[in-house]
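Residues per chain, in single letters:
Number of protein chains: 2
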Amino acid sequence: MSIVVLGTVALDDVATPSGKRREMLGGSAAHFAMSARLFTSVHLVAVVGKDFPAKHIGLLRNKGLILDSLVKAGGRTFRWQGRYSGDLNTAITLNTELGVLSSFRPFISEGERLIKHIFLANVDPDIQRHLLAGMRSPELVGLDSMNYWIKHKRRSLLQLLKKVDIYVANDQEARLLSGEHNLVAAARYLCNLGPKMVLVKKGEHGVLFYGNNVLFSLPAYPVEKVVDPTGAGDTFAGGFMGYLSKAKKIDAASIKRALAYGTVAASFNVEGFGLERTARLTAGDLKRRLKKFKSYF
Amino acid sequence: MSIVVLGTVALDDVATPSGKRREMLGGSAAHFAMSARLFTSVHLVAVVGKDFPAKHIGLLRNKGLILDSLVKAGGRTFRWQGRYSGDLNTAITLNTELGVLSSFRPFISEGERLIKHIFLANVDPDIQRHLLAGMRSPELVGLDSMNYWIKHKRRSLLQLLKKVDIYVANDQEARLLSGEHNLVAAARYLCNLGPKMVLVKKGEHGVLFYGNNVLFSLPAYPVEKVVDPTGAGDTFAGGFMGYLSKAKKIDAASIKRALAYGTVAASFNVEGFGLERTARLTAGDLKRRLKKFKSYF
Chain B
0 MSIVVLGTVA
10 LDDVATPSGK
20 RREMLGGSAA
30 HFAMSARLFT
40 SVHLVAVVGK
50 DFPAKHIGLL
60 RNKGLILDSL
70 VKAGGRTFRW
80 QGRYSGDLNT
90 AITLNTELGV
100 LSSFRPFISE
110 GERLIKHIFL
120 ANVDPDIQRH
130 LLAGMRSPEL
140 VGLDSMNYWI
150 KHKRRSLLQL
160 LKKVDIYVAN
170 DQEARLLSGE
180 HNLVAAARYL
190 CNLGPKMVLV
200 KKGEHGVLFY
210 GNNVLFSLPA
220 YPVEKVVDPT
230 GAGDTFAGGF
240 MGYLSKAKKI
250 DAASIKRALA
260 YGTVAASFNV
270 EGFGLERTAR
280 LTAGDLKRRL
290 KKFKSYF
Chain R
0 MSIVVLGTVA
10 LDDVATPSGK
20 RREMLGGSAA
30 HFAMSARLFT
40 SVHLVAVVGK
50 DFPAKHIGLL
60 RNKGLILDSL
70 VKAGGRTFRW
80 QGRYSGDLNT
90 AITLNTELGV
100 LSSFRPFISE
110 GERLIKHIFL
120 ANVDPDIQRH
130 LLAGMRSPEL
140 VGLDSMNYWI
150 KHKRRSLLQL
160 LKKVDIYVAN
170 DQEARLLSGE
180 HNLVAAARYL
190 CNLGPKMVLV
200 KKGEHGVLFY
210 GNNVLFSLPA
220 YPVEKVVDPT
230 GAGDTFAGGF
240 MGYLSKAKKI
250 DAASIKRALA
260 YGTVAASFNV
270 EGFGLERTAR
280 LTAGDLKRRL
290 KKFKSYF
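These protein sequence lines are chains B and R, in that order. Start counting the first sequence at 0; every next residue gets the next number (numbering that gives the first Met the number 0). Start counting the second sequence at 0; every next residue gets the next number (numbering that gives the first Met the number 0).
Read the hints as simulated data drawn from the structure, not as lab findings. Each residue gets a CB set at the ideal place from its N, CA and C atoms; glycine is no exception. Worth double-checking, as some hints may not be accurate.
[To be verified] Beyond 12 Å from chain R on every Cβ pair, some chain B residues (computed):
# : residue
1 : L131
2 : N181
3 : G193
4 : S216
[To be verified] Okay, derived cross-link-like pairs now, PhoX-like style, lysine-lysine, Cα gap no bigger than 25 Å in a straight line:
# : chain 1 : residue 1 : chain 2 : residue 2
5 : B       : K293      : R       : K290
6 : R       : K161      : B       : K293
7 : B       : K255      : B       : K162
8 : B       : K290      : R       : K152
9 : R       : K255      : B       : K286
Given only the sequences and the hints, what does the whole structure look like? Please build it.
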């Protein structure tokens with residue numbers, strides 16, 4: 000099965016205790032795709048500006064991503080500037096420049112509209128709804144969002160939640176949208192808003208899954224040297240959705256395995272800046288670490 | 000195998016979002032013992048004051064704990080007053096009254112000195128060293144401490160660490176004593192101070208185990224309604240040490256199972272104030288929840 004991912008492709012300036020990078024390839028869709036590609040063919044739906052370096056396009060293409068709907072618009076690429084201090088758990092956003100994102104309406108080919116597995120990575124919920132409305136026969140739809148949209152486009156997000164199967168949130172977002180501090184209670188609440196499954200990503204503390212009265216809880220893969228956590232959540236979602244997209248059926252066993260693959264993919268992501276580590280990743284690397292991960296509990 | 004636990008037996012005043020309790024039976028040794036009793040016979044070594052209610056002694060005795068070395072001294076029982084706000088992860092200490100603890104030197108019978116499994120629950124490290132020095136043939140020694148002793152009796156604690164097999168710390172304590180923020184790095188550092196095994200308790204985020212270049216990481220048991228987390232760490236240690244004390248050998252499999260038992264015991268502890276829930280707990284309850292816990296990952 001192929002998968003369509005809509006989201007951002009960005010130029011990131013990031014500073015962490017391990018160093019700095021400028022105009023690094025990033026964005027929610029790019030991180031998702033770099034992880035999901037290890038399981039399935041990935042169609043990347045996003046917009047970049049005229050300033051977007053050809054080498055980044057080259058990298059995405061070389062990694063086997065299908066770029067038919069990666070459009071180049073007049074204007075500057077979406078940019079994010081952030082830093083992490085000592086605990087590496089929370090990003091501090093220094094600046095966001097929407098650029099070409101501000102007028103983006105995804106347009107995809109008739110062929111891509113037929114793809115049944117879709118991930119709406121973090122981007123304005125109105126853009127997410129626009130894409131989803133054009134899909135002909137969605138079967139498995141995942142959604143990610145962020146605090147900003149929960150605060151400023153709550154209504155649009157709530158409508159969208161009714162139409163998706165999987166909602167992926169981090170702990171802060173889950174608490175903000177549900178009003179529940181306890182994460183099990185929050186996940187249950189969010190599940191009642193529409194999605195069949197809710198994933199609460201807790202960063203270095205792992206992930207909580209809730210769906211159909213079933214609960215799963217996995218620790219993170221212990222990484223001793225975190226270089227840059229940017230995109231770890233999207234990388235997680237890419238591994239999770241990628242595996243599920245390939246799995247023959249969606250049941251407790253395949254969901255657990257998908258969660259473990261997401262965890263392991265995210266652990267590689269944090270070991271390098273941006274996509275540095277995941278771009279080199281192979282399915283073999285992922286399998287070997289999965290085995291090690293399973294020995295940890 | 001029997002186990003000797005040294006620590007505090009306290010009167011706790013606790014306020015949480017679920018309510019308040021006054022002069023509730025608590026303390027590190029009491030919480031440890033209430034959990035370890037489900038695996039092995041537990042000898043409680045502690046001191047209480049003249050004000051200690053007979054009903055509390057009755058409860059401890061009824062639960063099968065061996066109280067030969069629970070001494071009553073002139074003065075007031077050790078008291079702790081604390082509260083938890085919304086997130087229930089961090090206790091705010093309002094007041095501590097040492098009372099009889101300030102002059103406590105544990106004195107135990109010749110028979111108890113022969114017991115090979117020992118847990119030094121949180122109390123002044125000088126008291127812990129005093130007890131350990133009197134044990135005839137320790138085979139498995141666990142140690143817990145707290146921020147206060149790490150700051151004020153670091154030297155004494157470091158000497159003690161050389162003589163124990165297992166060091167149990169929460170994440171803050173592990174960071175404080177090691178100077179490492181990353182918990183894997185912290186656990187590795189602490190292991191180099193003497194103990195063969197280090198357990199880092201992360202509260203609602205589970206536990207990290209490091210020993211002999213082996214790493215385990217378990218999530219917490221997801222509890223939707225946390226009533227009072229007081230004593231959860233000691234309850235965890237009681238389940239962990241209790242199971243290991245009973246196990247035929249200490250290897251990867253038995254350590255993992257011990258960690259799971261500790262996790263599950265702690266999950267019951269937080270469901271009630273103080274010892275309310277764990278005092279009613281049976282080995283059957285523990286086994287049933289262990290099975291459920293294992294289905295979560």
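Are B:K293 and R:K290 close enough, with their CA atoms no more than 25 Å apart?
holds (17 Å)
Taken at face value, is the distance from the CA of B:K286 to the CA of R:K255 at most 25 Å?
Holds, at roughly 22 Å.
Is the Cβ of B:N181 more than 12 Å away from each Cβ in chain R?
At roughly 6 Å from the nearest Cβ of chain R, B:N181 sits no farther out than 12 Å, so the non-interface label is violated.
For B:L131, is the shortest CB-to-CB distance to chain R above 12 Å, so the non-interface label stands?
At roughly 31 Å from the nearest Cβ of chain R, B:L131 sits farther out than 12 Å, so the non-interface label holds.
Keeping to a limit of 25 Å between CA atoms, is the pair of R:K161 and B:K293 held or broken?
violated (31 Å)
Whether B:S216 stays farther than 12 Å from all C-beta atoms of chain R, as the label says:
For B:S216, whose nearest Cβ neighbour in chain R is about 4 Å away, the distance does not exceed 12 Å, so it is violated.
Confirm or reject: B:G193 is not an interface residue toward chain R, with every Cβ-Cβ distance exceeding 12 Å.
holds (21 Å)
What's the verdict on B:K255 and B:K162, does the C-alpha distance respect the 25 Å limit or exceed it?
holds (23 Å)
Given hint R:K152 paired with B:K290 - CA-CA distance at most 25 Å
violated (42 Å)
Of the numbered hints listed earlier, those contradicted by the structure are 2, 4, 6, 8.
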